[in-house]
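Visitor: Sequences listed follow chains V and Z, in order.
Per the numbering used here, residue -5 is the first one in the first sequence, and the count goes up by one each step.
Per the numbering used here, residue 37 is the first one in the second sequence, and the count goes up by one each step.
Among the hints, a few may not be true.
Said to hold, decoys possible - Quick list of simulated restraints, FRET-style, between CB atoms: (1) Z:Asp109 x V:Asp60: 18 to 24 Å; (2) V:Leu104 x Z:Asp109: 38 to 44 Å; (3) Z:Thr147 x V:Ser22: 35 to 41 Å; (4) Z:Thr106 x V:Asp60: 39 to 45 Å; (5) V:Thr58 x Z:Gln53: 26 to 32 Å; (6) V:Thr58 x Z:Ser116: 42 to 48 Å; (7) V:Ala4 x Z:Ser120: 25 to 31 Å; (8) Z:Val124 x V:Lys20: 24 to 30 Å; (9) V:Asn16 x Z:Ser142: 26 to 32 Å; (10) V:Asn16 x Z:Pro119: 33 to 39 Å.
What the hints assert, rightly or not - Coverage of chain Z stretches by chain V, computed from C-beta distances (three or more under 8 Å per stretch; other residues unrestricted): (11) 47 to 55; (12) 64 to 77; (13) 104 to 112.
Said to hold, decoys possible - Examples of chain V residues toward chain Z, derived with CB under 7 Å: (14) Gly10; (15) Asn12; (16) Ala13; (17) Leu37; (18) Ala72; (19) Arg91; (20) Gln92; (21) Leu93; (22) Phe95.
Don't read these hints as lab results, they were simulated from the structure.
Glycine is no exception: its CB is placed at the ideal position from the N, C-alpha and C atoms.
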Amino acid sequence: SQQGEEDPQALSIQEGENATMNCSYKTSINNLQWYRQNSGRGLVHLILIRSNEREKHSGRLRVTLDTSKKSSSLLITASRAADTASYFCATPSGSARQLTFGSGTQLTVLP
Amino acid sequence: NAGVTQTPKFQVLKTGQSMTLQCAQDMNHEYMSWYRQDPGMGLRLIHYSVGAGITDQGEVPNGYNVSRSTTEDFPLRLLSAAPSQTSVYFCASSYGGANYGYTFGSGTRLTVV
Chain V
-5 SQQGEEDPQA LSIQEGENAT MNCSYKTSIN NLQWYRQNSG RGLVHLILIR
45 SNEREKHSGR LRVTLDTSKK SSSLLITASR AADTASYFCA TPSGSARQLT
95 FGSGTQLTVL P
Chain Z
37 NAGVTQTPKF QVLKTGQSMT LQCAQDMNHE YMSWYRQDPG MGLRLIHYSV
87 GAGITDQGEV PNGYNVSRST TEDFPLRLLS AAPSQTSVYF CASSYGGANY
137 GYTFGSGTRL TVV
């Protein structure tokens, strides 16, 4: 069963704009992860935020975590056509032996 | 440093055939997992392993077998392929399970006719 659910399912923006994707989850977690998947490729780990962190940055990526609302957001600033991909949030389950993924947000950045 | 290597990249099987999807990692990761990805359903966990000799079932284990005889290799066996197993299969590894980031292979696209 899916722990995280991304919103929106699809997002289309112009190059240079910011893109925001949201993830909601159901049970308590000790971390939340974001991954990117380019078409026809495997997933690539972007960032991990732990439950005691509220915000984390990596280059043009900013992730926030609100454990009281059981939600996280991924912000991509100054988007580029190369950011076109699917983005997934993932959370631990089964005593952190398993990583459970949401169904993803498809981001399209138009040149 | 190759990371996670999956073979083959593409495979077509007839219903009832068996095959093994190979997965190897060179990062000395203890944790390895197999996922399948179907349109609109994200990734679903099939089987996982927390170390050599130890495997366990995930969300959708039926029709699949795994073994882990070495740290490096984690093959996935389809016992008798069914059209419902048409999917893209990903192998992933992690240093310490879901408290760390996962490294994924490039996937195997399997079609069962």
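Visitor: Any hints from earlier that this structure breaks? Give me their numbers in increasing order, please.
Guide: 1, 5, 11, 13, 14, 15, 16 and 18
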